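Student: Chain residues, written in single-letter form:
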Amino acid sequence: MTQADTSHLEPGTSRTVTLRVFRGDASGGEFVDYTVEMDEGQVVLDVLHTVQATQAGDLAVRWNCKAGKCGSCSAEVNGKPCLMCMTRMNTLDVSKPISVTPIKTFPLIKDLVTDVSFNYEGAKQIPAFAPRAPDAADGSYRMMQQDIERGQEFRKCIECFLCQDVCHVIRDHPENKPNFLGPRQFVRLAELEMHPLDTADRTEFIREAGGIAYCNITKCCTEVCPESIHITDNAIIPLKERVVDKYYDPFRWIFGKLTGRD
Amino acid sequence: MAEIETHEYDVVVIGAGGAGLRAAIEASALGARTALVCKSLLGKAHTVMAEGGIAAAMGNVYAEDNWQVHFRDTMRGGKMLGNCRMAQIHAQEAPARVHELESWGALFDRTDDGRIQQRAFGGHRYDRLAHVGDRTGLEMIRTLQQHAVQEGIDVYMECTISRLLKDGDRISGAVGYWRESGEYVAFKAKAVVLATGGTGKAFRINSNSWEYTGDGHSLAYWAGAELIDMEFIQFHPTGMVWPPSVRGILVTEGVRGDGGTLTNSDGKRFMFGYISDYFRAETAETEEEADRWYDDKLNNRRTPDLLPRDEVARAIVAEVKAGRGSPHGGVFLDIASRRPADYIKRALPSMYHQFKQLADVDITAAAMEVGPTMHYTMGGVRVEPDTGAATVPGLFAAGECAGGMHGANRLGGNSLSDLLVFGRRAGIGAAEYALGLGSPPALADADVASVTTEMDANFGSDGDENPYTIQSDLQDAMHTLVGIIRTGPEIEEALGKIADLKGRAAKASVTGSKAYNPGWHLAMDLRSLLTVSEAIARSAAERTESRGGHTRDDYQETDPEWGKWNLSLSQNADGSMKLEKTPLLEIPADLAALIEEAG
Ligand SMILES: Cc1cc2nc3c(=O)[nH]c(=O)nc-3n(C[C@H](O)[C@H](O)[C@H](O)COP(=O)(O)OP(=O)(O)OC[C@H]3O[C@@H](n4cnc5c(N)ncnc54)[C@H](O)[C@@H]3O)c2cc1C
Ligand code: SF4
Ligand code: SF4
Ligand code: FES
Numbered sequence: 001m002t003q004a005d006t007s008h009l010e011p012g013t014s015r016t017v018t019l020r021v022f023r024g025d026a027s028g029g030e031f032v033d034y035t036v037e038m039d040e041g042q043v044v045l046d047v048l049h050t051v052q053a054t055q056a057g058d059l060a061v062r063w064n065c066k067a068g069k070c071g072s073c074s075a076e077v078n079g080k081p082c083l084m085c086m087t088r089m090n091t092l093d094v095s096k097p098i099s100v101t102p103i104k105t106f107p108l109i110k111d112l113v114t115d116v117s118f119n120y121e122g123a124k125q126i127p128a129f130a131p132r133a134p135d136a137a138d139g140s141y142r143m144m145q146q147d148i149e150r151g152q153e154f155r156k157c158i159e160c161f162l163c164q165d166v167c168h169v170i171r172d173h174p175e176n177k178p179n180f181l182g183p184r185q186f187v188r189l190a191e192l193e194m195h196p197l198d199t200a201d202r203t204e205f206i207r208e209a210g211g212i213a214y215c216n217i218t219k220c221c222t223e224v225c226p227e228s229i230h231i232t233d234n235a236i237i238p239l240k241e242r243v244v245d246k247y248y249d250p251f252r253w254i255f256g257k258l259t260g261r262d
Numbered sequence: 263m264a265e266i267e268t269h270e271y272d273v274v275v276i277g278a279g280g281a282g283l284r285a286a287i288e289a290s291a292l293g294a295r296t297a298l299v300c301k302s303l304l305g306k307a308h309t310v311m312a313e314g315g316i317a318a319a320m321g322n323v324y325a326e327d328n329w330q331v332h333f334r335d336t337m338r339g340g341k342m343l344g345n346c347r348m349a350q351i352h353a354q355e356a357p358a359r360v361h362e363l364e365s366w367g368a369l370f371d372r373t374d375d376g377r378i379q380q381r382a383f384g385g386h387r388y389d390r391l392a393h394v395g396d397r398t399g400l401e402m403i404r405t406l407q408q409h410a411v412q413e414g415i416d417v418y419m420e421c422t423i424s425r426l427l428k429d430g431d432r433i434s435g436a437v438g439y440w441r442e443s444g445e446y447v448a449f450k451a452k453a454v455v456l457a458t459g460g461t462g463k464a465f466r467i468n469s470n471s472w473e474y475t476g477d478g479h480s481l482a483y484w485a486g487a488e489l490i491d492m493e494f495i496q497f498h499p500t501g502m503v504w505p506p507s508v509r510g511i512l513v514t515e516g517v518r519g520d521g522g523t524l525t526n527s528d529g530k531r532f533m534f535g536y537i538s539d540y541f542r543a544e545t546a547e548t549e550e551e552a553d554r555w556y557d558d559k560l561n562n563r564r565t566p567d568l569l570p571r572d573e574v575a576r577a578i579v580a581e582v583k584a585g586r587g588s589p590h591g592g593v594f595l596d597i598a599s600r601r602p603a604d605y606i607k608r609a610l611p612s613m614y615h616q617f618k619q620l621a622d623v624d625i626t627a628a629a630m631e632v633g634p635t636m637h638y639t640m641g642g643v644r645v646e647p648d649t650g651a652a653t654v655p656g657l658f659a660a661g662e663c664a665g666g667m668h669g670a671n672r673l674g675g676n677s678l679s680d681l682l683v684f685g686r687r688a689g690i691g692a693a694e695y696a697l698g699l700g701s702p703p704a705l706a707d708a709d710v711a712s713v714t715t716e717m718d719a720n721f722g723s724d725g726d727e728n729p730y731t732i733q734s735d736l737q738d739a740m741h742t743l744v745g746i747i748r749t750g751p752e753i754e755e756a757l758g759k760i761a762d763l764k765g766r767a768a769k770a771s772v773t774g775s776k777a778y779n780p781g782w783h784l785a786m787d788l789r790s791l792l793t794v795s796e797a798i799a800r801s802a803a804e805r806t807e808s809r810g811g812h813t814r815d816d817y818q819e820t821d822p823e824w825g826k827w828n829l830s831l832s833q834n835a836d837g838s839m840k841l842e843k844t845p846l847l848e849i850p851a852d853l854a855a856l857i858e859e860a861g
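Sequences listed follow chains A and B, in order. Numbering (my numbering) for the first sequence: 1 to 262. Numbering (my numbering) for the second sequence: 263 to 861.
By construction, these hints were calculated from the structure, which means they are not laboratory data. Predicted, not measured: the structure shown is a model, and the values here were computed from it. Where a beta carbon is used, it is the ideal one built from N, C-alpha and C, also for glycine. Just so you know, not all the hints are guaranteed correct.
Claimed, not checked - Calculated Cβ distances over 10 Å to all of chain A for the following chain B residues:
| no. | residue |
| --- | --- |
| 1 | Ala307 |
| 2 | His361 |
| 3 | Arg377 |
| 4 | Gly591 |
| 5 | Phe594 |
| 6 | Ala621 |
| 7 | Val654 |
| 8 | Val772 |
| 9 | Pro780 |
| 10 | Thr806 |
| 11 | Asn834 |
| 12 | Leu853 |
What the hints assert, rightly or not - In silico lysine to aspartate or glutamate, EDC-like type, Cα no more than 16 Å apart, as pairs:
| no. | chain 1 | residue 1 | chain 2 | residue 2 |
| --- | --- | --- | --- | --- |
| 13 | A | Lys124 | B | Asp416 |
| 14 | A | Lys240 | A | Glu208 |
| 15 | B | Lys776 | B | Glu442 |
| 16 | B | Lys559 | B | Glu547 |
| 17 | B | Lys776 | A | Asp25 |
| 18 | B | Lys776 | A | Asp58 |
| 19 | B | Lys759 | B | Asp735 |
| 20 | B | Lys607 | A | Glu208 |
| 21 | A | Lys124 | B | Glu413 |
| 22 | B | Lys776 | B | Asp718 |
So here's chain A without its partners, still in its complex pose (with noise of 0.2 Å):
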């Protein structure tokens, strides 16, 4: 355990609060605490730069633009999923150590930082964008703002990847992970399907590669979206319901693919 000296600090003009940060790496790893001072309005990325700036120099953590838009610095504050940049010290209670650990359901590289590798190799697999032809000789199309919506909201994800931490399905069952892709690629996949220029049809890789089937609806990768996807309401469950169209009733699936009414 290292202590920082606050001694020097004058009663009044900055509190001290104690990080309990998870240091170590695949091998292993422990908690050390890290006292520090903090100044008003801070989140927990900056109290941990203030560690990393005065005591911890090698301490790893991801991060980048410091407000909620890159979705690098996801970690788990007091076991509870979140963007290390978005979440006030002010929320939190300072009177007692506060645990910072890395996201769980990814193996560990070191301290904060885990390996999401699995998400990308994830999106690699997806089946690409296959757009009509334009609508006008420069190349532009015409769509309705009420027709993009949907889609404007799965484009909000920031890939921060606490969806896919927080999903059970893989959190407590690593072995599942070669047979399902998760709550991030599914919005992806829910966007792509509902995207007004796509014209390739996925529902059969949804099923088998995706293994949509897995998903209980346990809803808890909505609760923890930074960006309020509505992940399992509007991707998941339209996602299985063409799914489950397509596998039992081909006519209507063809239908709804012709005439827009899906």
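Chain B with the ligands: place on chain A using the hints.
Tutor: Same frame as chain A, now just chain B with the ligands:
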């Protein structure tokens, strides 16, 4: 020397933001074996943070818009110091590049007749920015990323390049390290495209991420290439100022484009008092005209709230200095009293959440507090406008790390379009060069070894300097001495401090192992950070005038004589910096006529 992991490609693109992704897509499509290398995970580059939009004269909102007007706005916004050929190519090709994104899956906001919606922005005559609410960068990077993945381009993520190597005078590859393991890696390449972004981490208050340490600028400079216009730094007028932990985080210009105004502590729209002669003819003089302009751009002139960024940033500094600032040392940006709450939430959802979550401010009910933040580096690698070729054979650059396109000041929205237009062109340039090369260049083992030795030295140093403290001291020096308003003596003082900091950086100590060690990574980044800081300061000292993103308190006038020159930097044989005045690309009569036309 132990064998290090080595890969061989025709084209290696360093940087996976908009410019790098677009370059890699093009090079790969032309048949060049292409690799894409980046410091962060794929999709996390700076481009993801862009908010307001992509400037492209598609004419969807105002049919009067066309490339000629966009060209004119860009050149004037850059205070006539930009490369006119680049500005021309950019304005001409941006619409096709935006349409291309749509054909790759992007979903931009729409007009009522189903075209791509366009928004008003500073310095642009007409509504010109294609956007998705205020998360345009996310849409752009995700679209390019997904397209690149679909094309099967090899991506090396969390891999940092430390040096470029040459065979004789031409590029032969690059050497770097895997952040995860700390292992070294070499790329043997016929051509290298730099697309590494900016230098924001040299300044205390900035809107940039840890990645912005000027690596591409430095890699090019160390390899013998020229940098230009390094004195021009864009301070975006509206960064968050409170609470301290968010200071510098960007507030998109889209807030003003969509109706927000800047006010001081007296509640006055102070920008009307800061209209320079240069922009007087095209700027509204009364609040009434300014307010009409939002809905009718043909018969009214632009609100001064949307003057180019350098003008607005200086005005804010002046207001604060005169004691008319906001409680935390900024000014007010008010959209709450001007637009309905549901409109604000729909047009600016990220801003709404950003303020609500990080500052406890509801922007639909209260004004924001804002102040200038270091945002963009105008200067960069000198390139051929048509191909993106740098002055070293085999080296190309595009995006924020390339220079010339934006002159002394960049217009908002002109970066994302720049990435697409010149990313693609650099991809073509590099692929054609690589595929046309007879014998492939050789990567000398000894050269590779000298780079790995240097990286080891940073790790093994037994000094007692903390790299984080060095970076912090540098940020303070640059911010206070080479910031928005500069003077000769202060810049000299900064140069002294930079020299000092170089000495300290050599003694930076690193704890822990080589595996995912941010302290070590920073110790290595300090080399490029200090190099670009020196480049900025030297250029700023030399230019004895004020223009765009370079304001000298001791030389307040814009000097027509200086308007004929770029400042160009290269490395002397002894490692010192050589600064030269090089003549601006002369503007052909037909383009010049576009600028003189109707004010
Ligand atoms: C908050 C914010 C909002 C903005 N909004 C807008 C806007 O609305 N419109 C607009 O036009 N512009 C906007 N800009 C500016 C614009 O986003 C950037 O200028 C642009 O995205 C830069 O793109 P790039 O491709 O040049 O570099 P980046 O997107 O920054 O990518 C740089 C890449 O280089 C990699 N890299 C760097 N160094 C190395 C190295 N040594 N080795 C390997 N890889 C390396 C990084 O990992 C990264 O992948 C905004 C900027 C910010 C910060
Ligand atoms: S709803 Fe489905 S995908 Fe989402 S967390 Fe639950 S099981 Fe996983
Ligand atoms: S869907 Fe939401 S939780 Fe999942 S990766 Fe995207 S932003 Fe994160
Ligand atoms: S740092 Fe980008 S989301 Fe947290």
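Student: Hint by hint, say whether it matches the structure.
Tutor: We went through each hint and held it up to the structure:
Against chain A, the non-interface label of B/Ala307 is violated: not every CB pair exceeds 10 Å, the least being about 8 Å. Its beta-carbon lying about 4 Å from the closest one in chain A, B/His361 breaks the requirement of being farther than 10 Å from that chain. With a cut of 10 Å on Cβ distances, B/Arg377 falls inside the contact zone with chain A, its closest approach being about 7 Å. Residue placement check: B/Gly591 keeps its beta carbon more than 10 Å from all beta carbons of chain A (closest about 14 Å).
For B/Phe594, the shortest C-beta to C-beta distance to chain A comes to about 18 Å, beyond the 10 Å cut-off, and the non-interface label holds. Separation of B/Ala621 from chain A is inadequate, the least Cβ-Cβ distance of about 7 Å not exceeding the 10 Å criterion. Residue placement check: B/Val654 keeps its beta carbon more than 10 Å from all beta carbons of chain A (closest about 30 Å). In this structure B/Val772 is not separated from chain A by more than 10 Å, as the shortest Cβ-Cβ distance comes to only about 7 Å.
Consistency note on B/Pro780: stated as away from chain A, yet its beta-carbon is not over 10 Å from all of that chain's, at 6 Å minimum. The claim that B/Thr806 is not at the interface with chain A holds, since no C-beta of that chain comes within 10 Å of its own (minimum 37 Å). At the 10 Å boundary, the C-beta of B/Asn834 stays outside the reach of chain A, the nearest C-beta of that chain being 34 Å off. Listed as outside the interface, B/Leu853 is consistent with that label: its C-beta sits roughly 23 Å from the nearest C-beta of chain A, beyond the 10 Å cut-off.
The suggested pairing of A/Lys124 with B/Asp416 holds, with an alpha-carbon distance near 12 Å, which does not exceed 16 Å. Taking the CA atoms of A/Lys240 and A/Glu208, the gap is near 12 Å; set against the 16 Å cutoff, the hint holds. For a cut-off of 16 Å, the pair hint linking B/Lys776 to B/Glu442 stands: about 8 Å separates their Cα positions. Note on B/Lys559 and B/Glu547: the hinted pairing holds, with a Cα-Cα distance of about 14 Å set against a maximum of 16 Å.
Proposed proximity of B/Lys776 and A/Asp25 is supported: the alpha carbons are some 13 Å apart, at most 16 Å. Annotation: proposed proximity of B/Lys776 to A/Asp58 holds, straight-line Cα distance about 9 Å (limit 16 Å). Distance hint between B/Lys759 and B/Asp735 is fulfilled; the C-alpha atoms sit about 9 Å from each other, no more than 16 Å. Between B/Lys607 and A/Glu208 the alpha-carbon distance is near 39 Å, which puts this suggested pair outside the 16 Å criterion.
Using a Cα cut-off of 16 Å, the hinted pair A/Lys124 and B/Glu413 holds, with the two alpha carbons roughly 10 Å apart. Taken as a hint, the B/Lys776 and B/Asp718 pair is honoured in the structure, with Cα atoms around 10 Å apart against an allowance of 16 Å.
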